[in-house]
Each structure stands twice: as structure tokens, then as C-alpha cells.
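Chemist: Residue-level listing of the chains:
4 protein chains.
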Amino acid sequence: MKLSRCHNIATMRRLARRRLPRPVFDYLEGGAEDEISLERNTAAFDEYELLPTCLRDIAEIDLGTEVLGCRLRWPVILSPTGMSRLFHHQAETAVARAAAGAGALYSLSTVATTRLEDVAAASTGPKMYQIYIFKDRGLTAEFVQRCRDAAYDALCLTVDTPIAGNRERDRVSGMTIPPRFTFKSLFSFAVHPRWWLNVLRHGGFELANVAHRVEPLARKTVSVIEYVNAQFDRRIGWRDAEWLAREWDGPLVIKGLLTAADARLAADSGASAVMVSNHGGRQLDGVPAPVDCIAPIADAVGDRLEIICDGGIRRGSHVIKALALGARACSIGRPYLYGLAAGGEAGVLRALEILRQEMENAMALLGCRRSADLGAGHLRARG
Amino acid sequence: MKLSRCHNIATMRRLARRRLPRPVFDYLEGGAEDEISLERNTAAFDEYELLPTCLRDIAEIDLGTEVLGCRLRWPVILSPTGMSRLFHHQAETAVARAAAGAGALYSLSTVATTRLEDVAAASTGPKMYQIYIFKDRGLTAEFVQRCRDAAYDALCLTVDTPIAGNRERDRVSGMTIPPRFTFKSLFSFAVHPRWWLNVLRHGGFELANVAHRVEPLARKTVSVIEYVNAQFDRRIGWRDAEWLAREWDGPLVIKGLLTAADARLAADSGASAVMVSNHGGRQLDGVPAPVDCIAPIADAVGDRLEIICDGGIRRGSHVIKALALGARACSIGRPYLYGLAAGGEAGVLRALEILRQEMENAMALLGCRRSADLGAGHLRARG
Amino acid sequence: MKLSRCHNIATMRRLARRRLPRPVFDYLEGGAEDEISLERNTAAFDEYELLPTCLRDIAEIDLGTEVLGCRLRWPVILSPTGMSRLFHHQAETAVARAAAGAGALYSLSTVATTRLEDVAAASTGPKMYQIYIFKDRGLTAEFVQRCRDAAYDALCLTVDTPIAGNRERDRVSGMTIPPRFTFKSLFSFAVHPRWWLNVLRHGGFELANVAHRVEPLARKTVSVIEYVNAQFDRRIGWRDAEWLAREWDGPLVIKGLLTAADARLAADSGASAVMVSNHGGRQLDGVPAPVDCIAPIADAVGDRLEIICDGGIRRGSHVIKALALGARACSIGRPYLYGLAAGGEAGVLRALEILRQEMENAMALLGCRRSADLGAGHLRARG
Amino acid sequence: MKLSRCHNIATMRRLARRRLPRPVFDYLEGGAEDEISLERNTAAFDEYELLPTCLRDIAEIDLGTEVLGCRLRWPVILSPTGMSRLFHHQAETAVARAAAGAGALYSLSTVATTRLEDVAAASTGPKMYQIYIFKDRGLTAEFVQRCRDAAYDALCLTVDTPIAGNRERDRVSGMTIPPRFTFKSLFSFAVHPRWWLNVLRHGGFELANVAHRVEPLARKTVSVIEYVNAQFDRRIGWRDAEWLAREWDGPLVIKGLLTAADARLAADSGASAVMVSNHGGRQLDGVPAPVDCIAPIADAVGDRLEIICDGGIRRGSHVIKALALGARACSIGRPYLYGLAAGGEAGVLRALEILRQEMENAMALLGCRRSADLGAGHLRARG
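Protein chains in written order, with this note's numbering: chain Y, 3 to 385; chain E, 3 to 385; chain Z, 3 to 385; chain C, 3 to 385.
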């Protein structure tokens with residue numbers, strides 16, 4: 003199968019599965035525990051039905067919008083995802099370039115495998131950096147300064163990972179810290195020699211942004227991840243978000259909340275936006291799908307914050323539903339990682355192109371020309 | 003399996019699948035994207051339960067009705083469907099004749115493979131022509147005149163196709179414009195030699211009604227479809243519907259809307275009827291099933307317009323449910339195409355006979371003699 | 003598998019399926035069209051949850067009740083079913099004897115294969131005769147007189163069969179009138195020689211109660227069924243029910259209605275009871291499950307009529323749920339036919355014993371001693 | 003598979019299934035009749051969605067609570083289960099020790115295979131004894147005295163077993179009283195020789211707590227179970243519960259009720275707590291899942307009684323949901339029996355460790371530090 007034959011995200015996912023050793027694919031794909039939230043994230047979209055309007059002038063569909071102060075060609079953000087080099091040796095640089103090419107906003111994860119300065123040098127498009135508040139506030143402050151120097155447009159504070167989620171696929175496959183290989187997982191690596199070759203040639207999986215903090219002798223991925231985990235502060239609170247907002251003094255999005263109450267706290271803390279998210283179903287299993295949380299959050303803080311919906315998006319029409327419910331934009335993770343695994347930068351571009359075409363097609367058939375025109379009248383609950 | 007052994011639409015569908023190359027069957031069968039609306043169109047009927055009345059005189063069931071000024075023996079319309087010669091070399095002529103024989107209203111598509119004048123000559127029954135408003139209003143006006151000359155009873159303006167839907171089965175099988183064959187699809191064509199022979203003998207798939215507009219040298223199906231697509235005007239609005247209503251000055255049905263708001267606009271524009279439809283799930287995926295939209299539309303415009311339900315009908319009892327919800331008639335597409343593929347005119351007749359027998363049987367068991375007696379009291383929401 | 007190993011109705015069903023040629027089993031098992039009502043009849047019970055009461059004296063469970071003037075040991079009726087000799091050569095006599103042995107009320111069908119006088123002679127238990135109103139009212143009056151002479155306790159007028167239902171399994175298997183065998187069905191008969199031997203030895207399938215009306219030369223089953231069908235009067239109405247009530251002047255149950263409106267008409271016509279039924283899902287597909295119709299009917303006529311729930315019962319707890327909703331008794335069909343096919347009279351007894359034991363067990367665990375104590379407080383809608 | 007590879011209760015269940023002869027596993031696993039309540043017990047948890055709160059200090063999660071006067075390290079009770087020696091020769095002693103090690107409350111069943119005094123001698127942790135009110139009140143009084151002497155902390159009166167439930171798996175496999183082996187079940191025993199060896203070496207399945215009441219010559223398991231069954235009093239009522247409360251004069255929990263009405267009676271009778279339970283789906287099939295009954299019971303008696311939820315728990319997050327609905331603690335049965343079958347005391351410890359880790363993880367991700375802080379705000383009904 004070739005990229006050009008991928009006509010939707012589902013086929014791109016199949017291509018990615020074929021290209022990756024199984025434990026690596028499972029790391030990409032899996033969610034926490036019974037994966038109820040993971041599955042629900044996408045399924046929840048089906049419970050909203052689109053209500054088209056007919057005989058409207060749809061000659062020029064314009065999906066352009068402004069999010070976090072960035073002008074985007076369409077209302078899509080690429081979520082911060084860790085360890086992207088696992089999926090393709092071009093890693094974050096490829097994703098950032100594809101995002102810029104597609105007119106979307108790129109987010110770089112703190113646990114990325116490319117230095118934030120290198121990403122900034124490689125891509126001219128709008129960029130956001132995903133940050134944690136570490137025990138060592140100095141480390142966080144250092145990141146703020148580096149982001150400012152590298153001209154990042156926005157910061158994204160992730161708040162749903164005070165500890166790691168219970169991802170059982172990784173425990174079965176041995177993709178844990180430290181890794182623990184089984185006969186089955188070794189076999190899967192063995193039959194993907196191209197993957198191994200690329201890994202060796204491109205210097206492995208260094209967590210590039212934090213590696214300098216670890217003693218040179220221990221700069222293996224495992225040690226760095228252990229260092230990062232040890233740095234997570236389980237005591238942080240909304241005051242720390244306020245501190246970060248002041249420190250950064252620019253567009254700040256709080257990522258990983260699901261309730262109106264938390265969204266109000268985010269607004270009070272000085273954030274410009276909230277990313278409604280359950281971390282792709284990878285943290286606490288059994289929480290609601292983000293799309294089901296948009297309406298109450300929009301009611302509560304829609305006039306104070308931009309709302310971004312993150313999780314479960316596999317179709318252009320999903321973006322439309324989220325916008326009709328009150329979101330300003332959607333953020334996608336697995337769809338672009340499928341593209342990355344399937345074909346590096348070209349794969350990411352193809353994934354974005356698919357979603358964009360689907361969204362434009364759906365807008366036309368919905369009789370709606372601009373993202374901003376989408377509203378509650380375009381949806382109804384199913385049944 | 004023979005036609006006489008087909009005792010319901012589902013078995014007729016299986017027979018059709020056996021007779022057609024797989025890409026052709028998929029073109030007939032498929033819907034847009036995840037085919038959620040396609041599946042829902044039929045499944046939605048099951049959520050209404052029929053409430054019979056007992057010990058009523060049902061000696062003479064009379065399903066006769068008047069739709070769009072045409073007297074019909076039962077409240078069924080054959081939806082306009084494109085490219086029917088793909089399914090059987092007798093094509094639209096066979097369907098129109100079977101419809102006339104069964105006392106139903108036939109609709110001819112603009113992208114049919116038989117000239118509208120030839121259909122009119124071949125069939126004495128009530129007929130409707132499905133029209134588009136093209137960029138070139140003159141082309142539309144030309145069709146209006148030809149329909150008047152050929153004594154068509156009604157016009158049907160399709161409004162849910164400002165652009166083509168995203169039908170993924172066709173993209174996988176290569177049934178796109180231009181076609182793109184895969185090894186798999188070629189094999190499927192190869193094992194259906196009778197289908198090929200008939201195609202060759204009967205002059206292929208010329209879009210007979212518009213072919214004269216294309217330069218003679220380019221009169222291949224592909225060029226004609228490309229011409230038609232290029233003719234679609236993405237700027238048309240309700241004023242154009244008004245213009246068409248005046249131009250035609252006869253029974254006009256607006257096909258492809260799903261909301262009360264659009265139905266009101268249709269009434270205001272001078273239409274006589276609306277066909278509640280999502281294009282058989284082939285345009286925008288995720289929209290409601292037509293049967294679920296009847297009641298609100300009947301509430302809004304039931305006194306001003308006739309309401310026709312199009313989509314998902316596979317049983318006589320489905321027609322009854324739609325009528326009890328407020329429809330005047332139902333329109334069917336795939337059921338008669340299965341018949342056409344299974345056995346030409348005889349197959350279409352058999353499909354109509356099955357639905358008619360099922361409907362009469364259900365009317366008798368419901369204790370109801372006339373279509374017009376069906377009402378909200380004969381239904382309840384399930385559960 | 004032996005009868006004693008059948009510990010529930012589901013295993014008894016499997017035993018019956020093994021003993022019968024497939025077309026015969028399908029005739030027993032099948033419903034109309036898509037079998038939605040057939041499946042729903044049983045599934046609907048699961049949507050009611052039982053609410054037990056604890057620490058109640060349940061030393062003596064007494065299921066006894068009075069239905070249609072008959073004292074029964076438990077609130078169960080054996081529904082009238084046609085052609086029972088197809089399932090076992092002991093036919094209706096065996097069923098009537100088993101019912102008497104189990105303290106349940108037996109109903110004999112007009113299209114039975116045993117004369118009503120012979121059943122009366124063979125069984126001392128309470129008995130009901132199921133009657134149709136034929137075109138020839140004299141034939142109906144003749145039956146009334148014969149029932150009176152044979153000391154039947156009650157009459158049952160079936161009102162949901164003005165015409166035959168559309169049972170597709172029978173059309174596929176050839177179990178139609180006249181039969182039409184396929185290679186597959188003939189094979190199935192061939193591998194059940196014991197079934198054939200018994201059929202030959204016991205005189206086939208004469209419709210014993212009406213056969214004398216047909217010319218001697220034509221007294222084949224097929225001719226008799228055709229005669230019966232020809233006798234059905236599609237014009238009968240509630241006045242005919244009134245006429246029958248006067249004619250019989252004893253306990254009369256109207257069988258086959260599902261709405262409060264029809265139940266009111268039944269009460270007005272002089273009936274003593276209604277049997278809420280959709281003919282085991284064999285007539286109009288898509289109607290509600292009987293258990294879902296009890297409550298509205300009990301609200302409407304609970305003070306004027308006894309309510310009997312017929313359809314879907316496979317567990318003793320199903321009977322309890324129907325009673326808690328307002329039924330006086332339940333009527334079962336397939337469960338005893340499985341028993342009949344599995345082992346004649348002993349099989350019917352086993353089926354009844356299973357249901358009775360299940361019901362007693364459930365009553366004890368519910369903390370309820372008498373059928374009459376069951377009420378709305380013992381149930382709640384699921385979820 | 004080894005214990006350390008069991009990362010959730012589902013994998014531990016698979017390990018248990020491999021270690022036990024099938025009839026024994028089915029005895030552990032099975033429920034009554036169609037096992038609707040059994041399956042619903044767990045599935046019902048999925049219909050509640052967790053609502054996390056972000057950026058809360060979760061440095062120190064403290065799950066400690068007080069139940070029935072016992073200080074526990076986390077809000078979990080091990081339900082009383084009969085015949086544990088069937089699953090592992092270490093039997094109840096192993097379970098009690100593991101419970102003590104894990105800081106949970108252990109409950110010993112009257113139909114245990116270890117004497118209550120021996121369990122008390124072996125375990126220093128908090129303990130509860132599950133008691134029945136027998137026909138012979140003297141036998142019950144004897145147990146009360148023995149429990150007092152052995153320093154049990156609480157009594158648990160089971161009220162949902164006035165008679166045995168209809169467990170069909172046991173009837174199929176022959177695990178009935180007396181046992182009735184089939185060829186299939188004997189084969190299953192034969193291929194588990196280690197299980198047999200342990201059974202023979204450790205003295206079989208004596209019901210240790212009641213065996214002394216049976217004549218020495220008849221002290222086989224079968225006779226003892228028959229004796230116990232014969233002792234069940236079907237006439238007991240709430241007055242007997244009052245009598246027991248006075249007799250014991252200590253913490254008493256009524257186990258096996260599902261309604262607010264019965265919970266009020268329990269409070270009036272002098273109980274300290276209710277265990278909302280349907281006996282793991284093993285008694286009356288079709289009753290609600292316990293988790294669905296917590297809220298109405300908490301409304302009715304939440305201020306007078308501690309509420310314990312028993313049934314269906316397979317994840318730490320299930321405990322959290324029950325607590326958020328109003329329960330003080332959860333009681334688990336099958337999860338620890340899987341552990342016992344999989345690896346004796348070590349297996350039970352592993353099962354408890356899994357649930358505990360899952361619960362701590364979920365509490366952290368929920369942003370909640372203490373069990374007592376869980377409330378209605380942490381949940382919403384799905385969809």
C-alpha cells in the first residue's frame with residue numbers, strides 16, 4: 003500500500019501498523035486499562051448528527067481561523083506527542099514541517115526527540131511548546147526562556163499527567179521504563195529490520211530537550227525518562243499555572259481538563275485557552291470523551307477562553323461537530339502519527355490533506371462556508 | 003437462485019451481488035465515508051413499533067394515492083439513480099416500464115444512460131424528471147422544455163449534491179472518474195463475462211441526456227461526467243429554486259433536505275413537495291435517517307407540501323411507518339436496482355411486487371385499509 | 003441428551019431441534035419477515051429488573067390462581083398451536099394431559115390435529131378452545147356447540163390472523179401450502195427416519211376438527227388448510243366478537259391485541275379476558291413485545307378484564323415480571339412445543355416442570371409468597 | 003504465565019482458569035440462570051464516567067478508612083465465599099493472611115473449609131464472620147459465641163439465600179449436591195492432577211465450621227452441605243435480624259439487599275451497615291447491579307448506616323465509582339478467588355495489590371487524595 007492509496011485515516015493507520023514493530027505500534031495506539039475512554043473518544047462523535055442546510059452558496063469554503071494568536075488556514079492543531087522518533091527517523095522535524103505546509107499549528111512535546119531550537123529552525127509555521135511544571139521550577143523557567151528565544155507562539159501546560167497512566171499494552175509488550183522484552187515482542191522487532199536500521203542510523207531516542215540535565219554517562223533514553231518522571235511534581239496546583247502564565251506572558255493553553263469547574267479555574271489563572279482532553283485515553287480510563295465536554299465548558303467560559311477539542315478525531319466531520327458544539331479548533335494526535343509512521347513528512351502531509359479534504363467536503367455538503375458559522379443548529383443528538 | 007425464489011429484498015440483493023462485478027456492486031451499494039448514515043437509514047425504521055388494530059374490516063385494502071398530481075396504485079416512487087446501464091443493459095427503459103406496470107411513479111435521473119424522450123416513449127406510466135441547476139441556466143431551461151415536450155408529470159430538483167460525496171468504496175475499487183483499476187477489481191470484472199458482453203453490445207454508458215453538449219470526439223462517459231461535474235454551480239440558492247418553479251410551472255419536488263427550516267424555504271420557493279433524503283447515505287455521512295426527519299417536517303409544512311421519504315426502505319412495513327409519521331409516499335432506490343441487476347425489467351417488477359405484497363400484508367394485519375388512514379396512532383417509539 | 007438433562011428451556015429447544023427435520027423445526031421456531039418482534043418478545047423481559055425483598059417468610063410458596071373461571075395450580079396457560087402432530091405423534095392429547103398433570107390451563111387450536119372431543123376425553127384438566135369467526139357463521143356456531151358439549155371451560159377468539167403472516171423461513175424451506183420441497187429440505191427429512199415412521203404410522207396431519215367439512219376425496223392436509231384459509235372472513239369486526247360472546251355465554255378471551263384501545267373494545271364486547279399477544283412474532287413483524295404492552299392495558303381495563311401475557315416467555319422469572327406488570331397469567335407456546343418434540347407427553351411435562359421450578363425459585367428469592375402479591379414495587383426499568 | 007505477569011484482574015482470571023478443573027472454575031465463575039445480573043454487575047460500572055479535577059496536590063494519597071469499627075488501609079473487604087479449598091489447598095487461611103497483609107477486612111463464610119478459630123489464630127488483621135440464621139437458633143447462637151471468643155470484629159448476616167440460586171453451570175458440570183460427573187467433567191479433572199493431589203493431601207472439602215453437628219459417620223462434604231441446607235429457615239424475618247443484633251451486640255452488616263425499603267428495615271433492626279449485593283449474580287437472575295442501587299440507598303439511610311457495595315468490581319476505578327455514589331467501602335469476591343486459584347496466598351496478595359495500585363493511580367489522576375473526598379461531583383451518567 004502506498005501513501006496515495008490511503009484515502010482515509012483508517013487506511014493510514016493500517017499502513018502504520020504494517021511499518022512498525024508491534025510493541026511500538028501498541029505504544030502509539032494503546033490507552034489506559036480497558037481502553038473505554040480511548041474507544042469512546044471517537045465513538046462519541048457518532049452520537050451527534052449533522053443537520054445540513056441546502057441551496058446555500060458554497061463556492062468558496064474558507065476554514066481559516068485564529069487560535070492562540072496564530073492565523074491558521076484551518077482549525078487544526080497537532081497535539082504534542084512524545085518519542086516521535088520511535089515512529090520515523092525524521093521525527094518531530096518532519097511533523098513540524100508538514101504542519102507548516104498544511105497551515106496548521108504544531109505543538110512540540112517536552113519529551114520530544116528533537117531539540118526545540120532545531121524544530122524552530124526547521125519550520126517557519128506557527129508553533130507551540132508543551133511544558134510541564136517540574137519540581138525544579140528553574141527547569142520550567144529555563145524552558146520558558148528557550149521558547150521565547152526560539153520564537154514559539156504559545157505555551158501548552160499539560161495538567162492530566164501528575165503520574166503516568168496505567169497503559170497495559172505497554173506492560174504486556176515490554177515497552178515500559180526500563181523495557182522488558184518478551185519472545186513475542188523481540189520477534190516483532192526482528193521482522194522489521196528497516197525500522198532497526200533507521201533507529202541505529204539516527205541516534206536512537208534521546209529526549210533531546212532534557213538530556214543535557216542528565217549526567218553525560220547516563221544519557222540513555224531510559225535514564226532520561228526516569229529523570230523526567232522523577233521531576234514531575236505531584237504537589238503543583240493552580241497557583242503554579244498562574245506563575246507560569248505570568249512568567250511566559252503570552253498565549254497559554256491548559257491541556258487535559260474535562261469539566262466546566264476546571265475551565266473556570268484555568269480562566270482565572272490567566273490562560274488564553276483550554277484544551278479539552280483526556281490525553282487520548284492514555285491517563286485515567288473511564289473519563290468522558292472530550293467532544294461530550296465541549297458544550298458545558300463553552301457555556302461556562304466560552305466568552306473568556308478559546309476551547310480546543312483534543313481526542314478521537316478521525317474524520318473531517320469530527321472537527322466540524324466539535325466546532326458546532328463550541329470549540330475554536332481541534333487537536334489531533336494519532337492521525338498524524340499514523341502518517342509519520344507510514345511515510346515521514348510526506349505521510350504527515352497526506353494525513354493532514356485527508357482530514358482537510360474531508361472537512362471541506364463536509365462543509366460544502368453542510369451548506370456552510372466558514373468555521374465561525376458553525377453552531378448548535380448544525381447538530382442534533384442522535385435517536 | 004431465480005427471481006421467483008427471491009422472497010424479500012435482502013435475497014434479491016444477494017442475487018444482484020452475484021450478477022455484478024464487485025466494483026459495480028459496490029458503486030450501487032456504497033455510501034459516504036464510514037457509511038453511518040447508510041446503515042442508519044434502514045436501522046432507524048426498527049425504532050418505531052407498529053400498533054395494530056384488531057377486528058377491522060380489511061376485505062379490500064386500497065393503497066392508491068395521489069402524489070405530485072399523479073394517481074398511483076400505491077404510495078411508492080422510484081428514485082432517480084444514475085448510470086443504470088451499469089447494472090443491466092435494459093437500463094432505465096426497463097425500470098420505467100416496470101414502474102408503470104406496478105402503478106408506481108418513475109423518476110429519471112439527469113445522469114441516466116437513456117434519453118428522457120426514449121423513456122417517455124417506452125413507458126405510459128407517471129414520470130418525473132430529476133434536474134440539476136447548472137451553471138449554464140440555459141442547459142437547465144433546455145431540460146425543462148424537453149420534459150414539457152415529453153409530457154413528464156413532475157420535476158425533481160436535487161439539492162444535496164453541490165459537490166460529490168466522499169464514497170470510499172469507489173475510491174478503493176477504482177470506480178472513480180476517471181476509473182483506476184486494481185488487480186482485484188480487474189479480476190472481478192473478468193469473472194463476470196456476461197456482464198461485459200452486455201456492456202459491449204449495448205453501447206456502454208453514455209450519459210444520454212447530456213452527451214450532445216460534449217464535443218463529439220470526447221463523448222466518452224468519463225468526459226461527460228466531467229462535463230456534468232464542471233457544470234454544477236456551487237453558488238445556487240433558493241432563488242434558483244424559485245426560478246425553476248416558475249420556469250416549469252408544474253409539480254416540483256425539492257429532493258435532499260432533512261430539516262424543517264429547509265422545508266419551509268422549499269414551500270416558500272413554490273415547490274409542491276419535498277423529498278426528505280440524504281441521497282441514500284452517499285453524500286454527507288453522519289446526517290440523520292430520513293424517517294427520523296419526517297415528523298418535524300410534517301409539523302412545519304405538512305399543510306403546504308407533500309412529504310416523500312427517501313432512503314433505507316427495504317420492507318413494505320417501512321413504507322407504512324413513514325406514512326404513519328406524515329409522509330405521503332416513499333421513494334426507493336437500491337431495492338429496484340437490486341431487481342434490475344438481478345433480472346432487468348422482470349427483476350424490477352419482482353422487487354416492486356415483493357414490497358407491494360409486504361405492504362398489503364402489513365396493512366391487513368395492522369387493520370388499516372387505506373394509506374390515508376395511517377397516522378401517529380399506528381406507531382410508538384420503541385422501548 | 004435426555005429429557006432429565008434438560009435443565010432449562012434453551013436446552014430443551016436444542017433437543018427439539020435435533021429431533022425434527024429442519025423445515026419442521028423452522029416452522030415451529032420462525033417468525034414473520036425479519037423476526038424483529040420474535041426476538042424482541044423475549045429480549046424485552048430483560049429490560050425489567052426484579053427488586054427482591056429480603057427476610058420475608060417464604061416457607062410456603064403458593065402460585066395458585068383463578069383464570070377464566072378455572073382454578074390453576076400456577077398462572078400458566080398453554081397457548082393454542084396448530085399442527086402439533088408435526089412435532090410428535092402423540093400430538094395435542096399428550097399436551098393436554100401434561101397440562102392437566104401440571105395444573106395449567108390447556109388451549110386447543112382449531113387447526114389442531116386431534117378432534118376436540120378426543121382431547122376432552124383424554125384430559126380431565128381445565129381446557130379452552132381457540133376459535134375463529136369463519137365466513138360461514140354456522141361453522142363457528144357448530145364449534146361453540148361442540149365445545150359446550152365437550153365441557154370446555156372457555157373460548158379463545160384469535161383476532162390477529164385476518165390473513166397469514168409473512169413467514170419467510172417456511173417459504174425458504176418449502177413448508178408452505180402446498181409444500182414445495184428443495185434438495186436441502188428433502189435431505190433434512192431423509193436423515194430423520196424416525197420422524198417419518200411416526201408420521202406414517204399415526205395418520206399424518208389431518209386437521210381433525212374441520213376435516214369433515216371438506217369432501218372426503220380431498221381430505222388431505224393441504225386441502226383442509228386451503229379450506230380453512232378460504233373460510234377466514236376479512237370483514238369481521240367487534241360486533242362479531244359480541245355475537246360470539248352471546249352465543250357462547252361463558253368465559254371468553256380475545257387473543258392477539260396489543261393496545262389499550264383494543265382492550266377497551268374487547269371489554270365492551272363482552273369478553274372476560276384479553277390475551278396480549280403478537281402471535282409469537284409470526285404475524286406482523288415490528289409490533290411491540292407483549293410484555294411491554296401489559297402496563298397500559300392494565301391501566302385501561304385492569305378492573306374489567308383478566309390480562310394474559312403471551313409471547314417470549316422462556317423463564318419462570320418472565321412469568322413473574324408479567325404478573326408484576328399487571329397480568330393475571332402467562333401463556334406459553336414454543337416452550338411446550340420444544341418439550342413435545344423432545345419427548346412427547348413426558349417432554350411437555352418436563353418443560354412445564356422446569357418453568358414451574360424456576361418460578362418458585364424466583365418467588366422465594368424475591369421474598370414473595372403468592373402470585374397475587376406481585377406488583378409494580380417488584381420491578382424497575384433497567385439502567 | 004506467572005503471578006508477576008498478571009497486570010490486571012482479567013489476566014489473573016485467565017491464570018486461574020488454567021489451574022482449575024473446568025467444573026471447579028465454573029463453580030467459581032458462574033451465576034444464576036442466564037447470568038444477566040452477573041454480567042451486568044461489572045458492565046454497570048462503565049455507565050458512570052469519572053470527572054477528574056486537575057492541578058490538585060496529590061503527593062500523598064491516603065485511602066485509609068474505618069468500616070464496621072475497623073481501621074483499614076483502603077476501603078476494601080474480602081467477601082465471604084464458600085468452599086475455598088476447592089480453589090487452593092491453602093484455603094481461607096491464605097486469604098485471611100493476605101487480607102491482613104494488604105490492610106483489608108477479611109470475611110469468613112459459614113460454609114468455609116477452615117474453622118473460624120483457626121482463621122483467627124492465623125491472621126491478626128480485622129475479621130468478620132458471615133452467619134446464617136438457622137432453624138436451630140441455638141446453632142446461630144453458638145456461632146455468635148464462638149465469634150466473640152475468637153475476637154471477630156463484626157458479623158455479617160446474609161439475607162439473599164433463603165434457598166439456593168439456580169446455577170446452571172453447576173448443573174451441567176455436575177458440581178451439584180450430590181455431585182454428578184459427566185464424561186466431559188471427569189476428563190477436565192483428569193488433566194489437572196496437581197489439583198487432585200493437593201485435594202487428597204489436604205483433607206478434602208470438609209465444611210469445618212459445621213461438620214461437628216453432623217454424625218461422625220456422615221461427615222462427608224455432601225452430607226454436611228445437605229445438613230446446612232436443611233438448616234436454612236425459610237420463615238425468618240426482620241425480627242430475627244433484630245434478635246441477632248441484640249445477641250451479638252457489635253458491628254453487624256446485613257448482606258444481600260438491593261432496595262432503599264429493605265435498607266430502612268436493616269437500619270431499624272439494629273444493623274450498623276448494609277452490603278448492597280446480589281450474591282455475585284448467583285441467586286436471583288435479573289436483579290439490578292449493586293452499583294446501580296447505591297445512590298437510592300444512600301439517600302434513604304446514608305446517615306444511619308455504612309453502605310458497602312459488593313459485586314462486579316474488577317478495577318480500582320470501580321471502587322472509586324462506588325464510593326463517589328455513596329458507599330463507604332467495596333467488597334470483592336471473584337477477584338481474590340482468581341488470585342487464590344492462581345497462586346494461594348501470594349496470588350491473593352497480588353490480586354489485592356493490583357486493585358490497590360489501580361485505585362491509587364486513579365485517585366491521583368482524579369486529583370483526589372482521600373476516599374472520604376469522593377462525591378457525586380466526581381461522576382456523571384454516561385452519554
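Among the hints, a few may not be true.
Heads up, simulated EDC-like pairs for lysine to aspartate or glutamate below, C-alpha to C-alpha not over 16 Å straight-line [claimed, not checked]:
| hint | chain 1 | residue 1 | chain 2 | residue 2 |
| --- | --- | --- | --- | --- |
| 1 | E | K4 | E | E347 |
| 2 | Y | K137 | Y | D59 |
| 3 | Z | K137 | E | D59 |
| 4 | E | K137 | Y | E228 |
Everything labelled a hint here was simulated from the structure, so no lab data went into it. Note that the coordinates shown come from a computational prediction; the quantities given were computed from them, not determined experimentally.
Chemist: Look at each hint and say if it fits the structure.
Modeler: Here is what the structure says about each hint:
1. E:K4 / E:E347: Satisfied, since the Cα-Cα distance of roughly 14 Å is no more than 16 Å.
2. Y:K137 / Y:D59: violated (55 Å)
3. Z:K137 / E:D59: It holds: about 13 Å lies between the C-alpha atoms, which stays within 16 Å.
4. E:K137 / Y:E228: Violated, because 64 Å separates the two Cα atoms, which is more than 16 Å.
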